Amino acid sequence: MSSQRTVRDVAALVGGTAEGDLDAPIRDVKPLAEAGPGDVSFLANARYAAEFAATQATCVVVPRGLAAPPPPGRSLIRHENPYLAFAKLIEAFRAPPPRPPAGIHHGASVSPDARVGKDVAIGFGAVVEAGAEIGDRAVVGPLSYVGPGATIGEETRLYPRVVVYHGVRVGRRCILHSGCVVGADGFGYATDAQGRHHKVPQVGTVIVEDDVEIGANATIDRAVLGATRIGRGTKIDNLVQVAHNVEVGPGSILVAQCGISGSTKLGHHVVVAAQAGIVGHIEIGDMAQVAAQAGVTKDVPAQSQVLGAPAVPARDGLRAYALIDRLPEYKKAIADHERRLERLEKAAAGAGAGG
Amino acid sequence: MSSQRTVRDVAALVGGTAEGDLDAPIRDVKPLAEAGPGDVSFLANARYAAEFAATQATCVVVPRGLAAPPPPGRSLIRHENPYLAFAKLIEAFRAPPPRPPAGIHHGASVSPDARVGKDVAIGFGAVVEAGAEIGDRAVVGPLSYVGPGATIGEETRLYPRVVVYHGVRVGRRCILHSGCVVGADGFGYATDAQGRHHKVPQVGTVIVEDDVEIGANATIDRAVLGATRIGRGTKIDNLVQVAHNVEVGPGSILVAQCGISGSTKLGHHVVVAAQAGIVGHIEIGDMAQVAAQAGVTKDVPAQSQVLGAPAVPARDGLRAYALIDRLPEYKKAIADHERRLERLEKAAAGAGAGG
Amino acid sequence: MSSQRTVRDVAALVGGTAEGDLDAPIRDVKPLAEAGPGDVSFLANARYAAEFAATQATCVVVPRGLAAPPPPGRSLIRHENPYLAFAKLIEAFRAPPPRPPAGIHHGASVSPDARVGKDVAIGFGAVVEAGAEIGDRAVVGPLSYVGPGATIGEETRLYPRVVVYHGVRVGRRCILHSGCVVGADGFGYATDAQGRHHKVPQVGTVIVEDDVEIGANATIDRAVLGATRIGRGTKIDNLVQVAHNVEVGPGSILVAQCGISGSTKLGHHVVVAAQAGIVGHIEIGDMAQVAAQAGVTKDVPAQSQVLGAPAVPARDGLRAYALIDRLPEYKKAIADHERRLERLEKAAAGAGAGG
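Protein chains in written order, with the working numbering: chain R, 1233 to 1587; chain A, 1233 to 1587; chain Z, 1233 to 1587.
Next up, chain R with everything else stripped away, as it sits in the complex (with noise of 0.2 Å):
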């Protein structure tokens, strides 16, 4: 994948303002602390301002209002957005993942009554059931089961060893990676006077839109009625819990481990960090940030940030739970002032007797 392009061509590629040797050769793309002469490098953290000096990649790809002078001897390409310029150029100078060819391998399980479009791949020891639909260009990775009734869209692919439960949808354009279930059934139980537990049972489904990426061992629950739907261009990443009659909103993100209670709304663009948990029936507005391990106990308005457990707003909460660790010495200011009061009380007591 070696080509040879000038800084001039990168910047061309990306869409960005050149600074430097317009005609230094660049060959690929590397972070900063690894990049050396002929690579690209990129900038769109702060925190990586030591290595940003010390790169020695040709060119950097930087934040465009960059006051910082580039390093000596180095190109720039000022970008709004360097962490996309980033992706363009992996893109260009890199090789994309091993891709199975089309065709239906024999050692797959394939029911005659599936319908399978154009240039699928289906690899050995896939499952495609009665019913199901996988569409042109589709992926079916080895060892993956699409149930009953499923359909995967157009250009969908399915990394080796994912389930997708009868009925469900996945749409066009989505990528799921191993391990990731999709339409097990909600976890549901109505419990009788004795304590049995009576399963719920599970009838709905999932819809996953077009364009979502599901991550590794990530686990999608179908409804219990209806569907738990995945919004168009969302993205989850792995061993995050959706449960059943989840509605994720359009471009949101999931970040790994966190999990989303039954019936719960969230908006578009809404992000979700790490370990986060949102509790069932609430709903979280367009755009709001959940920050990483919060508790989400309430609804959460449009465009706001919570943090904590239970989640309160960011501005307000980093303060507060940061003062936790002052908790000692809170505890000790009080049982002082309490002494003193009490001091000072029966002074004033005493001069009031005296008085």
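Please keep in mind that the hints were generated in silico from the structure rather than gathered at the bench.
Treat the numbers as computed from the prediction; the structure is a model and nothing was measured.
Certain hints may be false.
Since the list gives no way to pick one copy over another, a pair counts as held whenever it fits inside one copy or between any two copies.
Unchecked claim - When the alpha-carbon atoms are kept at most 30 Å apart in a straight line, the in silico BS3-like pairs for lysine-lysine are as follows:
1) Lys1530 - Lys1564
2) Lys1578 - Lys1563
3) Lys1497 - Lys1530
4) Lys1497 - Lys1563
5) Lys1262 - Lys1431
6) Lys1578 - Lys1497
7) Lys1431 - Lys1350
8) Lys1262 - Lys1530
9) Lys1578 - Lys1564
10) Lys1262 - Lys1578
11) Lys1530 - Lys1578
12) Lys1431 - Lys1497
13) Lys1262 - Lys1497
14) Lys1350 - Lys1563
Guided by the hints, dock chains A and Z onto chain R, whose structure is given.
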């Protein structure tokens, strides 16, 4: 599955008391907000009072003592447990999940030394190793693995891609969802003076009693010696971790992403809510409830409720954790008191000196 | 596996010092509470003092300096590390887990372009893609997937249904449990001005060094560039998440359901307890310990211990977090002090005015 039933029939079916038009036809069950003429719905959670008031359902199953008037023109069915009635309604009006036909798929690998009961379904790509036993009418889903000497009880269903390690015993009428792993090694190492971790061989097993459900991608580790045990009728949600030598009593509920550390014992009908964690070597009493995200570090008495991390009794704890938000205010008040005390003490000293 | 050994033999086997009846026969190893005549047991955790006092074991391995007297009629073996002795006892007295015989199952799919070493076992339904390498005496369990160009070191064991993505390198003598996924894409998106998330191609890899164990359903993501690295002898529990470009030093312990965010570096012999989370782009020093459920937001110095969320040094933090429970009391005291201060100030002002 559309049956011609009346409100009267439905009341008899669920064991409730009907009010209103007992002859109105009922053809389906739907959530309050989506139900229309011909539908029965239910009200089990006070959060849905507004949906109840506005529902278009022909009939609603409500708590027996509900004071709110029925929406105009709607019938009611009063019931001790509307959620349990809802479970029965789904069974009555909706199709159960598709179930594979009995038989061993020619694409499965079943050891000649395994014992397979009557009317068992074993799917494509499934593995049943030597010495394993599969009870009558059990289902081993496609791509599932039943290890050497493991037993699967009658009528138990393994969805696709379940793993049951060697020697594990799974009871009758259990449901194991895709991706769950029962019987992997417990996490035990003895660290020597050089910092090397020596594996403690995990030679025990797991016993899953009857009527247990295990969620997608949950993990239940085998004991180091003896057995990790999941009691009868216990329900385990997705991505739950149960460590080696844990004992969970019957009728317990472990909600998504919670974790129970090694050798801890849970009584019967314990509830561990989502993302909670319990340390090892402690006991959680019968019917105790552990709140979501709680971090339990010591024994919990029977029938008590705990929350927070470190977990404390719920009644006091709820108040305490809610006050974290007020810490900045307390900080300010304590500093203010300090100043005012100093001023008063100075004045008192002056007065004393002057007296 | 029942061997005719004496207390003397067992002491020699584990490298300890025997006291009592050195000729008493030992036939098995059991936990203190379950052990009887002919059994050896061990005491490694002070919590089990009562079981020790009451044990029926013929012999107990105890810490060398244990002051408590042996239960009447029992032999002792004094040892620097009774838990390590316990590991050796299990190896001596119990059968190891069943191990599949060498050979490639005819129901596996092994690419002719893969390199398979000597005495390798590849199970039914396993996939080994082109360019992959399987070292001598390795085991690729049934239904496991080894992607194009991935390498599995000598004597490494993949239990059933493990996924190793393309290009990933797994070292020698590793153990990978069912459901773990090594090498899925890191979670990286560049969001444009329209709120669309563009995937940053994850073209790096994962390097798992020798003697690593990875638990069931754990996930270790591939790097965006370069490699995510798991150091030699590190042990990873079930459902752990290791994000892209993380580096974990040798001899570390990552306990169940913890998560390490992208680009964070852990030193050697770091312990991350259950359900803890560590943000991205920070460093955790050698031998540092992160408590269960901690939320680590900044660098942790070597050999230090942190707890809480946000995490603070353990010594102070334990005290601080324990005081959350007292907040209602502090609230009341502060309000009470406020009232009493106002009264004293009023009195002082009156006294001043009257003076």
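Results for each hint:
1. Lys1530 - Lys1564: Between. Shortest inter-copy distance 26 Å satisfies the 30 Å Cα cut-off; intra-copy 34 Å does not.
2. Lys1578 - Lys1563: both (23 Å within a copy, 24 Å between copies)
3. Lys1497 - Lys1530: within (12 Å within a copy, 32 Å between copies)
4. Lys1497 - Lys1563: neither (41 Å within a copy, 35 Å between copies)
5. Lys1262 - Lys1431: between (53 Å within a copy, 17 Å between copies)
6. Lys1578 - Lys1497: neither (59 Å within a copy, 54 Å between copies)
7. Lys1431 - Lys1350: between (40 Å within a copy, 25 Å between copies)
8. Lys1262 - Lys1530: Between copies, since 25 Å is at most 30 Å while 43 Å is not.
9. Lys1578 - Lys1564: Both: 21 Å inside a chain and 21 Å across chains, each within 30 Å.
10. Lys1262 - Lys1578: neither (73 Å within a copy, 66 Å between copies)
11. Lys1530 - Lys1578: So Lys1530 and Lys1578 fail the 30 Å test inside a copy (47 Å) and across (43 Å) alike.
12. Lys1431 - Lys1497: Both: 24 Å inside a chain and 25 Å across chains, each within 30 Å.
13. Lys1262 - Lys1497: between (40 Å within a copy, 19 Å between copies)
14. Lys1350 - Lys1563: This pair counts as neither: shortest intra-copy Cα distance 71 Å, inter-copy 67 Å.
Of the numbered hints stated above, those contradicted by the structure are hints 4, 6, 10, 11, 14, listed in ascending order.
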